[in-house]
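Protein chains: 2
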Amino acid sequence: MMKIDYNEAADILKNCGNAYVLIHQSPDGDCVGAGHTIYHMFRAMGKKAKILCSDEISDRFAFIKKDYEDEDFEPDIIISADVADDKLLGSLREEYGDKVELCIDHHISNNGYAAKTLVNPDASATCEVLYEIIKILGIPVTGAMAACIYTGIATDTGCFKYENAGARCHEIAAELKRSVKINYARINRDMFDVKSIGRLKMEKSVIDIMEFYLDGKCTMICVTTDILDKMGVDAAELDGIAGLPLQVEGVEVGVTIKQRDENSYKISMRSANDVNVSDICAMLGGGGHIKAAGCLLHGTMDEVKKQIVDAVAKGLEQC
Amino acid sequence: MMKIDYNEAADILKNCGNAYVLIHQSPDGDCVGAGHTIYHMFRAMGKKAKILCSDEISDRFAFIKKDYEDEDFEPDIIISADVADDKLLGSLREEYGDKVELCIDHHISNNGYAAKTLVNPDASATCEVLYEIIKILGIPVTGAMAACIYTGIATDTGCFKYENAGARCHEIAAELKRSVKINYARINRDMFDVKSIGRLKMEKSVIDIMEFYLDGKCTMICVTTDILDKMGVDAAELDGIAGLPLQVEGVEVGVTIKQRDENSYKISMRSANDVNVSDICAMLGGGGHIKAAGCLLHGTMDEVKKQIVDAVAKGLEQC
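The listed protein sequences derive, respectively, from chains A and B.
Positions 1 to 319 (the numbering used here) are the ones given, in order, by the first sequence.
Positions 320 to 638 (the numbering used here) are the ones given, in order, by the second sequence.
Hints were generated in silico from the structure; no laboratory data involved.
Just so you know, nobody snuck in bad clues.
Here are the simulated distance ranges between beta carbons: (1) A:SER91 to B:LYS384: 50 to 58 Å; (2) B:LYS384 to A:ARG186: 31 to 39 Å; (3) B:GLN344 to A:ARG186: 31 to 39 Å; (4) B:VAL513 to A:LYS135: 34 to 42 Å; (5) B:LYS500 to A:GLU94: 41 to 49 Å; (6) A:LYS195 to B:LYS500: 33 to 41 Å; (7) A:SER264 to B:SER373: 51 to 59 Å; (8) A:ALA292 to B:LEU533: 39 to 47 Å; (9) A:PRO140 to B:MET620: 53 to 61 Å.
Only a predicted model underlies this, so the values are computations on that prediction, with no experimental measurement involved.
Think of the CB as a built atom: it goes at the ideal place given N, C-alpha and C, for glycine as much as any other residue.
From just these sequences and the hints, can you work out the full model?
Structural data, given as structure tokens:
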């Protein structure tokens, strides 16, 4: 692995030929925005680029998604954007995993699978990294580029809500809003406010089954296969519910228990403020980040709950 | 009414004596933030200021709220912050309504009740207006001031989500984050993510009774007194539910019908994108803003619903 700086990455993008741009599986706003930003940069430089992803890009991103039917070409370079680990290439890994010449990313965990890697862990999003390169190259920012860059930054920061929303991402939002007039509020609405009625009903069901422990500091959602059947939702629709318990006033640790089979459970743990859930999950044989961690537990549901509550109680004491 | 500019307002604040600072009833993040920003500015200039509000300031704002027990003084000047209309002074109007010498605001609807008014309708928040004055006066921004200013801007823009989140408010957020290290993400979490379990359960109940019309483009929530009893919630807890229907994918107009007495209903209408609900409510004898309007209707619930659906259908056609 060779780490490179902004200027070197800008040089490569300027001097290379046509590119395939790989983005990570389960594509989110940042990798979709980053991939399409590169696409528009290449068009502006008179070159071709085509985005490849192992999963389909959701229609939520229809406003930035391009149709590539006319883009039939052999690539001169393989680039990846927002892909921290070659495993995240999914089904594209076998063909392209060892052929990535340039990786542009913002994840501190980037494992260096590419020949050359530009990674800025202080950037809120890979789209923030790309904005700096656009400035170096002096490429004029079009409305299409602004929509991509803004979407990446906004989605990765929860609309400037999370800790990773540093000063720089606000500066970029300001520059975009001053120079490129597109409907930023509409992007925010589509990304943050709109939910399918199925999702809304699922969230409602989750509130119904929420349990409170340790004076309301620990909330638990236990999703057994029975409950899933009763809700009439698919396990896939439960993505992202781990954050829901943290909405409740006074909650420090939110726990989601998903049943895998009769006696095994996947635990996701989220911290609202200062409690280190990585430490708590480590006590239970798992791990993760300070604010988001997980583990796998075995036993009856009651045994599993007791193990979790005991570990969370210790975690709260240490805080 | 005399409109003044930033420099004149800065002069008044610099040269006046001790002040009472009036903020509007049902105090929100912007007026609480603005009042306390002025308080800290006055302390920095060696003067006293005291915030007066007709309603109690919620404990949600405990992190910026000051205890004024030691602030017993007669004011040399009465200032108002974020108060667009003297009616919004509530119970303070009788004593102070005609004594306000300086009003600092950002509402285009400001009715000019004060002797001198600085109003910038392009500002996202009154706290944005105050930040410019702080810069003119050269007052160093402390952590306490940063918390107040950030809270006002963030709450009035829905964490930079709404149309009023212009370039300038992002620039100010960037300047604050660069120069004053406080936990901005924690403020965001407390302001935007945390809800009481009662509120969560109420939102859940509202999803249960949501009705869909016009191919899902119009959603209606009908809150009869019967339903309120069944939900076990107080009418006051329903504040802000008018925005909930807009969360549903594909919805253009969200309607909330609240029963007042047997045959009269208060209607709140919200537009997700381009439909003008002010026009729709005007057809029904009401009015308001393009994206948020209301009216009062009489008849049976079914008659009222039919009138609304017909009017919304016309509004959708015109769009």
